[in-house]
Each structure stands twice: as C-alpha cells, then as structure tokens.
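Asks: For reference, the chains in residue letters:
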Amino acid sequence: MNALADYPSPTLEVPTFPSAKLAMWLFLATEVMLFSGLLAGCYVLKAGATGGNPNLWPTREQTHIQPWLGTLNTILLVVSSLCLSFALNALKSGNIKGTMGGFGLGFVLGSAFLGIKAWEYRDKFHHGLIPGSIAEAINNNQTHDSKRMQMLSSGQRVWLDLQRGQLEKYVHDHPNQQGPDMVAAKAFLASLRDGKKANGDYIRPLSPVEAAQEANRILEKYPDLPVYPALPNGNLWASFYFTLTGIHATHLFAGLILIAICLIRAISGGLPPENLDFAENTALYWHFVDLVWLFLFPLIYLI
Amino acid sequence: MHRFWSLLFAAVNMACLALLVVAYAYPGLGWWLPDSASTQANEIDSLFYLITGLCAFFFVATQGILIYSLWRFPSTAPGSPSPIHGHPGLEIGWTIAPLVGLLVITAASLPVWKEARYQGFPPPALEGTNPLPPEADQVILVTARQWDWHLKYATESLPAEGIRQWASVGNPSDLIIANELHVWKGAKVSLLLRTTDVIHSFFVPALRLKQDTLPGKTIPMRFEATVSNVRFDPAEGRVVPNETKASWEIACAELCGGNHFRMRGKLFVHPDRKSYDAWLDHSRRQTRSRSLTAMLPNASSSNQKEGALQ
Amino acid sequence: MNHDSHPAPGNFLTKYVFSGDHKIIGIQFLFSGLLFWILGGLLALGVRLQLGWPNQALNELLKWFPSLADSIPASWGSRISPEFYTMLFTMHATVMIFFVVVPWLGGAFGNYLIPLMIGAKDMAFPKLNMLSYWVLWPAFFFLLASFFVDGGAAGSGWTAYPTLSSATQNADIPDPGLDAAAKATTPTNPPSPTSMEPGLWERIKNRWNSPAAGQSGQGQVYWLLALIFSGTSSMMGSVNYITTILNCRAPGMTLMRMPLTVWGMFVTAILQSLALPVLTVALIMQFLDRTVGTVFFLPPAGLAFGNWQTGTGGGQPLLWQHLFWFYSHPAVYIMILPAMGMVSDVLVAFCRKPLFGYKPMVFSMIGIAGLGFIVWGHHMFQSGMDPRLGTGFMAATVLIAVPSAVKIFNWLATIWGSRIRFTSASLNALAFISMFIIGGLSGIYMASTPVDIYIHDTYFIVAHIHYVLFLSSMFGIYAGIHFWFPKMFGRTMNDSLGKVHFFLTFLLANGTFFPMHILGIRGHPRRYYDPTIFDWLASVQPLNQFVSICAILLGLVQVIFLANFLFSIFFGPKSGRNPWEANTLEWETPSPPGHGNFETTPIVLHGPYEYAVTTAINGRFSQTGLNRDQIQQGNHP
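Protein chains in written order, with our numbering: chain A, 1 to 303; chain B, 304 to 613; chain C, 614 to 1250.
It is possible that part of the hints are untrue.
Here are some of the chain B residues that sit facing chain C, going by a computed Cβ distance under 7 Å [what the hints assert, rightly or not]: (1) His305; (2) Cys358; (3) Ser378; (4) Ile479; (5) Asp515; (6) Asn562.
In silico SDA-like links for lysine to any residue, alpha-carbon gap of 20 Å or less [claimed, not checked]: (7) Lys46/A with Leu932/C; (8) Lys972/C with Gly392/B; (9) Lys548/B with Trp1149/C; (10) Lys569/B with Thr1145/C; (11) Lys117/A with Val905/C; (12) Lys569/B with Asp1148/C; (13) Lys548/B with Arg588/B; (14) Lys417/B with Ala1009/C; (15) Lys972/C with Ser385/B; (16) Lys21/A with Lys740/C; (17) Lys417/B with Arg1001/C; (18) Lys740/C with Phe278/A; (19) Lys972/C with His388/B; (20) Lys417/B with Pro1000/C; (21) Lys1112/C with Leu311/B; (22) Lys1112/C with Ser378/B; (23) Lys569/B with Ile1146/C; (24) Lys417/B with Met1059/C; (25) Lys740/C with Asn281/A; (26) Lys569/B with Ala1151/C; (27) Lys1112/C with Phe307/B; (28) Lys1112/C with Thr379/B; (29) Lys548/B with Ala1151/C; (30) Lys740/C with Ala20/A; (31) Lys1112/C with His305/B; (32) Lys740/C with Ala254/A; (33) Lys124/A with Val905/C; (34) Lys124/A with Thr904/C; (35) Lys972/C with Ile395/B; (36) Lys569/B with Trp1149/C; (37) Lys740/C with Phe27/A; (38) Lys972/C with Pro330/B; (39) Lys569/B with Asp1143/C; (40) Lys1112/C with Leu310/B.
No lab work stands behind these hints: they were computed from the structure.
Just so we're clear, the structure is a prediction, and the values are computed from it rather than from any experiment.
Beta carbons: idealized from backbone N, C-alpha and C, even for Gly.
Modelling step: build the complete structure from the supplied sequences, incorporating the hints.
Replies: Have a look at this one:
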C-alpha cells in the first residue's frame, strides 16, 4: 500500500473546483429545493384556504406577530453574516484575533436570534396559538354553509377544552382579584360549562361557535385575559409559522455548531490559512441560512 | 445453446402476446374489457384499441429484432463484429418514428379527455358557486365514506343556483340510499362526488368512469349511459333485470383502509325516465316508512347495514 | 479531499464495519439490500396468498406451518385480516423501493463502481460515504420496529395518501358525546386546576396514541421516520457521487469517455439531490400533521370518521400527492437509469462490439431525467386535479417515452451484427431489454389521459410497475451482480446455476406479471383484499390463482440465486482481473481491488466501448490502451 504514495493523485490535473466547496454548493442546491418545496406548498395552501380573500387570514394583531422583533432578527442575521465574512478575510490575511472576533460575534448574534425566536414561540403558545387547537368557526358571513359550519365547530372541541382549562387555572391562581376583567372571565368560564347560576337557573353551555365569538369579544375588551382567540384559518397559519421558522431554526442551530467548531479551531490554531475549505463552507452555509430568512421574514412578518 | 435462448425469448414474448389475443378473442372468458355502457366508454375503448395497435406493432418489431439477433449473432457465428459506433440518420429516424406514434395518440386522446372532464372545472369547494354543468337531466350527490357510497337523488328539479344549497343541506323529499346508482338510458347525468373522511375513488367499470373523491372538495363528473340493464317492475315493487341480464358494479379504486374492497355498489340503468321515476317514487315512499321505524331505539344501525349489503 | 486523511484501515472494525472504503460500503449496501429483498419478497408472497385463495389462504398456510396458529390473532377468524393485508402490500412496496432497489442501484453499485470506473482511488468524501450507509440504520430500525407497534406497520399504501395516512383525532381529551359507547367506557375526569393545561409533550403523546384512520396509527409515524432517514442517506450519497464524478476522474477520463453506468449514476444523483428534498418536506409535513397537530393535509372543515372526528383543518390533501410524486416519479427513473447504464456495460462486454450511439444514449438519459421533473402529474389524472393540468402532464409524459424508445433502438442496434456470448450476466441484460420494451409500451396506456381514467389504480398499473421495477431493474441488478461479482469478491458465480436461475426467473416472472395486464384490462382494482365479492371479477379469479402460483414459485427460485451468490463468495472459482475481457477501468485492478484501487493511476485514452476495433485478442482494447491483464497474466493467475 505504501507504493500508492508514489503515484500522482487520481484527480484531474487541474480540478476545476475544490471538492469540498462543490459538495457544499450541491448541498445548498438540495436545500434550495427543500425550502422551495416548503414555500411553494405553503403558498398554494394559503391561496387555497383564503381564495384570495385577505379577511380569511389572521392579522398580525391576532397572531401577536411583532414586526420589530422580526426586523431585529433580520438585522442580527445580516450582521452575523458580515461578521463571518470579516472572519474569513481576517483568516486569509492571517489575522487570528480578527478571525476569532468575527466567528465569536457571529456566534453570539446567531444565538441571540435563536433566543428571540424562542421567546416568540413562548409568546405564541401563551396566546393559545398552537397548531390544531385554534378555533376557526365564527359566524362572520364568510362561512355560511351549514354543514361546513357544523364540521368546523365540532373540530373546535380541543380549543374549548384548552380554553376552559386556561380560565380555570387563571381564576384559581388569582383568588383575590375582583376587577371587571375577572368578572368577565368568570362569566365566560361559567358559560363554557353547563351548571347552575347562584339563583338556581340552569346555564346552557355555549355552542363552540358562540363560545368562539364570545372569546373574540372578550379579547377586544380585555386583551390581557388568558382567552384564546378564534381565527379563521388560524390552524393553517400556525402550521406555517412553526414549520417554516422551526425548520429554519434547525438549520440555524446546525450553523451555530459549525461556527462553534470554527471558533474552537481558530482558538486552538487548527485553522490554517492555506486550508480555508471548512471555514469557507461554514460561512457559505450561514449566508444561505441568512438568505432563507430574508425570504421568510416578509412572508411571516410583513404580509 | 444460443438457439435455445433465442427460442426462450421468442416463446415468452409470444406467450404474452397470445394471452392478450386469447383474452380478446374469447369474450366468454371474461378476461377482457367489461361491458361498455356509456358514450365515454365507447370512446375510451376506441382509444385503447388504437394504442394497443400501435404498441403491438412496436412490440413485434423490436422483440422480433431482438430474437432474430439472438438467433443470428452468437459468438460462435463466423466472422467478427464490425466496430460501428452509430449512425446519425438511424438515430433521427428512430427518434421521430415513436414521436409520431405518440403524437397520434395524444391528438386522439385530447378531445375525449376534454369531453370527459373539462366541464364544471375547476371543482368548487363547498362554498363554490355553481358546480352543476349545464344541460344535466339528473343530479346525484355521491358521498363516500368508510366504507360505502351514499347517493342522494334530487326528487324535485333543481335550479342551477340552488345546487350548492342542495348539496350541503338538501330537500326533505330527497332520496338517500346506499350503494345504488340509478339512471336512465340517455340521461345526461351529473354526479357530485365528495367524501367525509379519506380519499376514495368512484369507479364504474361499465361506464369507464373513475374519479377520486377529495376531502374538502366536491368534484363534478358527467356521463351518459347508452345501454339499459334493468327496468322497474311496479307489480313486484323492485327493479328487475332486462333481457341483457347485465349486472354492473361500482367499486372503490383508491385505497381507503382495510375494507377498501368492500365498497361495492350497483349501477342500474333504466330504459327510460318513466321507469326511473317509478323507481324513485317507490323507493322514496319505502324509505320514508323505513326511516319511521329507524326512529325506534337501536334500529338505525341495523337499517344502515341492510342498505349497505344490498 | 485528498487521501492523506483517508489512510489504509488498520483493524477489523475500521476495515469491514466502519470503513470509509467505497468498496466495503458498496458491499454493505449490497448485503443489507439482500436481507430486505428477502423480507420484501415474503411480504409480496403474503399478498399473493391472499389474492389467490382469498378465504382459504390462512388455513392452507396453517396446514403447512401449524406452529403459526399461536401467533394469529383470534379476531382474524380463519382469514388474513384486511388490515393486515393492507400492511402487507404497503410494506412490500416500501421495502422493495426504498430499501432494496434504491440502495442496491445507488448504494451498492453506485458506491462500488463509480470510483473504479472513473479511475479514482475512492469517493471524494469517504467519511460522508460511510455516514450515508450508517444513516440507513435508523431507517432500518424504524421500518422493522413498525411491525411491532400497536396496530402494526403502515397500511396506507406506499404512496401514503392523506387523509388516510395522516388523519388523527384532534383531541387531547376524549371526545364527549359523539359516540355513546365510547362515552360509556371513557371516564370523564372532573377538571382539577393543577392538570388543566397539558404540556406540549403530553399533547404530542396524546396525539401519537390517538385514533387514526384505519391502519395508519403509530406504524405510519415510524414509516415516515424510516423514509426521512433513508432519504437523508440517499441525499448524502448523491452529493458525494456528483462531486466524485466531477472532480475525481482519472486523467483523460472526460465526461464523454465515462461508461454509461457512471452516466446513469451521475444523472440519478442529480435527480435525487433535486427531487428528494421535496419528498423530505412532504414527509416532515405529514409527520407534523401526525404528531403535533399541524393541518397541512387536513381539509378546512376537518373529517368525520364514523364515531370520531378530526379537528379543524385548513390544508389540502392533494398537496401531498403533488409533493410526493414530484419525488416519486423521478424515483422511478432513479430506479431504472443506473440499471440502464449497467445493462449497457454488460451488454457491450458480451456483444464484443462498440455501443451503438453512445452520445444519443447519454443524451436520452439526460432527457429522461430532465423531463422526469415535469411529468409527476400523470399519477394524478383522477385525483381531482384540474383536468387542464392533466393535459399538460399528458403532453410531457408522451415526450418522455421518446428517449426511452431511443435507448431501446440503440441497444437493439448494438446487438445487431454482434457476437453474443451467452452467460448468466448477458442473458439477464438481454432480458432487461426485452422486458423494458413491454414495461415501456404498457406505460403509454397511462399517458393517454382518457384511457388512464379506466386503467388508473387497476392491476394494469401493478403490471406496468413490476415490468419496470422487477422485470427491468431487477434483471439489470441480476446482470450487474453476475457481471461484477468477480470484481467484488475475486471469484465468479456459477454460470450454470446462474442460467438455471435466469431461465426459471424469466419464465415465472412473466407468468406472474403478464396476466396482471389482463386483470387490469378487466378492471380489477389494485390493493383489493378480496376481489371475489365482485361479480364482474369472478371470471379473472383463475388468473389470480395462476399469478399466485407463479409468484410463489418465483420466490422459491430466488433461493437458487441466493445460494449461488453466497456459495460463490467462498467457493467460486478464482476469477483473475478481467474474466469477461471487458474494457472499462475497473477490470485493470486486482480482484478484489486493494485499498486505493489502482496500482498506477490510469491514463485514459479513449471511450469505454472500443471492442472489435483492433486486432487484439478477442477484440479487447482497454480504456487505457493497454491490455494489461495479458501483460500481467503471469502474476495473477
């Protein structure tokens, strides 16, 4: 086997493009297809669900989307991309401190992005925006097909259960509160369960459709109550939101690991300027993830 | 030995061809296309034969060359092969020849496809405007579910704009029965296909009709039966087979769970509207009395099964 | 990547198990494929048993294997249950497609042959290559484990159409009031403030265990996971193959001097790397639908299943079909293009004549691949898709038949005027061509949209896919195994046994699959547990029985191949470097090649199929211009 070393490499005399980079570009091509499939699918579903009627899509207020957070995240990612470019340039010129600084800052900014994203997720959960558990049936003249209405409302049982549980907990946790919001909350809770009023009258529980409408009314008045809104196509919206940002965040997380490896290698002197493939691929991948975000940002935060 | 292999290839291919010929030539075997009983069926069958003809030609030509080569050019044959690398003329020739054949098939297919499917599309969702194709004599709403077909027959004539409302709510006088499709010969039938659970596929072999039912959508489908197989006998109070003795079935063609194979229905083509109306009237009166008994406790489920088994 | 980082392996573990050597990885793919091939075959026999003797199969089976009786659920009565039957054909297709044909063609042959045929020492990324094999193991795990979970393995068809595959009851708390019986058995917990809001994990778990559309319970989730992992493996492989083929060719090996096997693998890898991500997205979407309650494939108003309902939806079941077929139609080419390449190589080596029309062959492959991206809709003509789209897909589908036809004509022209050596390898390759003609022609029926109305989802389709996948791809694989076996193991397989196996397989496979055309023409729908309940199908039941008998025999006959294969690994006659006197580069290495493949870097002077152009012995004229095997005959008996 030692004899192998005597022979020239079997690659072509002049490899047109370094293998590692070629492979990274190919990988990015597969990623482009992945996100295209996802985005195209989402676009088709949204178009099909709303039929071009924007009223049938949850608004930013309803979904608690805060564009400024998205903008902040966009800035974080763009700056982190710049940091990585800077780190690469520094690496090429042998400036190891600059390299470490670039990678380090990139890592911090990327982590900050994920932190903000995690906070946003928590906020969504807090407002009951969980795919599959959002009420959709409200009589707003857009859905006047009785059979469909019946189907929609029967699908709302999950929402009702969540709503009831959430209010029970709220009332239980705030025994001393007596404000008008608490009165509304208690009244709403009572109307979700069948039971008896203080004077012995029987309360008919609200139908899912009525409950959803009541929830929206209460929210208008007391937005701080733990009442979950009813949103037409809310489940589809939540599916998109969590899937798109979730897959993106997973990619970002992988990118952070790559950056961390670069950083550790830079610190331990394992990044020789003559072998830039790994660092360059990391940067390339990071730029791609950044680019994907630039597509997601307007889709989720602005439209 | 090479002759043996050549003969094997010949034998296998000829056996395949022979099976097709036998199946075609002896309809009594029941190995060929089932009865064709709609305008669409006849058109599809003609197309089928056109494609079969073209395919048979290519099949015989290519397999013939292959088998002959095996016979003629074994390594033991005298001489050595000539180092030919290709021939542009031949390449162009055998690119164009299949292309022409395929274009013929496409050209022949297009009008049939248009006729069969274009009307009434795109299929409206339940809140769509008007899924009724024009000039329909009969509208039947087919609701598939695991594992039977529910067919709703309108007993009053429906205004086009009322179709949506009818599909979702219906009239009190409508007849709903399981697994029986009744039409009359020559009627322009409009089917509205939908499902309450998974994807099914409404397949009527005798009509050469097949269409998936898609959750959330109502899909229109049309056909016109050209042969009748039953008539309504008022004396017996049921449909009886006519002289064709044909029994036509409805099947599900898209996997819909374990009992996919049990979605069996029947197609009854009455000779004329009179017979159909008599059947409709009779069945409606019967179901009404049956639904009264169904209101008694524990009667509803057994009743339904009865319908499914018929 | 240069080979400094890929030293010759030292111990057993790094040499044969966690090896970065493409030859070992190829053989690993070959053997795991072999195991799944047996599993898939047995599943198919289960399907055939039921179809041949719908109500007696189990009793017959019990007569032969009385010990089975203990493991058969009492609820089945004396029959195979319909749910079990759906599982059988679903898993048969899944195993055969994703765990046999794709890993064999792409994984085994792709890995083994690409570096050898282009004169490279190894793949561009040996570690990635290793990973692409080991990522299959989670897929193996999920696939095999799915047979043992509650409700059994996936049973919604290998196409896994929602909503059958994805609908689950959207309830964290049992559904009140829909079904009286369910109500009676389910205790209603009074709400206690502490257990009010189920945690996220709780919700996922509830949903995981919630009722689903029949036979698509937990098994379906495992199925999705298995496919995601096997897809990841293929994706890694593809990236590696493309890079290797573009960057690691030996000096002089231009793209137009590559053997067609390599071209087939190259085009396949491109197809795979662009189409697979879309399937991955679809799988993830369905996975999320099944587990966390997204609504991608659930229609707006939800669904009603007898006594339970799904939640509110908003998505479209049809989207899955688009995404699925966007991959799975190209997958058909992924499963045939490498076989086409391999058959070309095998054929030419035994015809002793240059391949007719090398360039048209290459371009037709590229044409098939390119058009392959825009024909997926022809699986969906009856799905409720807009019929105008159907027209467009028909036009594209018709076009894709042309390059396939060009390939057949070129093969025929290659055979014409040649001097064929009849060996097990060449016979299998010739059978590939003969059978691909049938498979190709039967495909035209489906391309014609009106005829497809009738043919769609009948046994005609089953016949067609098996003519393409079994009678074409598998014969290509048999040819490939017989042909490259000497290179892989240094010994040749027994030719007489190989011919017996070929003879019987050729007869029985046609006996199994050709009558299915007749079933389809009669209108026999596929995936039917018991067709005999239909009057109009009663007449074809004898054919069904004939098919089943042939299928069982076909299964038995494969034992010959398996025995020949296993026996020859250890006891076959030593083969030397180039037993077939072939021209391509892999035959210039020792059998089996050592680490690093080539003793000297080959310098390629001309194309791979220059037979009969010189007066050299037996018309051989190797790609490097040297008949090295004759020169070094003394050293390698």
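Asks: Does the nearest C-beta of chain C fall within a distance shorter than 7 Å of the C-beta of Cys358/B?
Replies: holds, 4 Å
Asks: Hint check: Lys740/C vs Phe27/A, CA-CA at most 20 Å. Holds or violated?
Replies: Satisfied, since the Cα-Cα distance of roughly 16 Å is no more than 20 Å.
Asks: Taking 20 Å as the top limit, are the C-alpha atoms of Lys548/B and Trp1149/C close enough?
Replies: holds, 13 Å
Asks: For the pair we were handed, Lys740/C and Asn281/A, check the Cα-Cα distance against 20 Å.
Replies: Distance ~17 Å between Lys740/C and Asn281/A Cα, so the pair holds.
Asks: Against the 20 Å threshold, does the CA-CA distance of Lys972/C and Ser385/B hold or violate the hint?
Replies: Roughly 19 Å separates the two Cα atoms, so the pair holds.
Asks: Under the criterion that the straight-line Cα-Cα distance not exceed 20 Å, is the pair Lys117/A, Val905/C satisfied?
Replies: Holds, because 19 Å separates the two Cα atoms, which is no more than 20 Å.
Asks: For the pair supplied as a hint, Lys417/B and Arg1001/C, is the alpha-carbon distance within the 20 Å limit?
Replies: Roughly 8 Å between the alpha carbons, so the hint for Lys417/B and Arg1001/C holds.
Asks: Hint check: Lys417/B vs Met1059/C, CA-CA at most 20 Å. Holds or violated?
Replies: holds, 16 Å
Asks: With a cut-off of 20 Å on the C-alpha distance, tell me whether Lys972/C and His388/B pass.
Replies: Given pair Lys972/C, His388/B holds - Cα atoms ~10 Å apart, limit 20 Å.
Asks: When you check the alpha-carbon spacing of Lys124/A and Val905/C, does it fall within 20 Å?
Replies: At roughly 15 Å apart (the allowed maximum being 20 Å), Val905/C and Lys124/A satisfy the hint.
Asks: Measure nothing beyond the straight line between the CA atoms of Lys1112/C and Leu311/B; if it is 20 Å or shorter, mark the hint as holding.
Replies: Measuring from Cα to Cα gives roughly 12 Å; hence the hint holds.
Asks: Taking 20 Å as the top limit, are the C-alpha atoms of Lys569/B and Thr1145/C close enough?
Replies: The hint holds at about 15 Å.
The earlier numbered hints that this structure contradicts are 4, 13 and 38.
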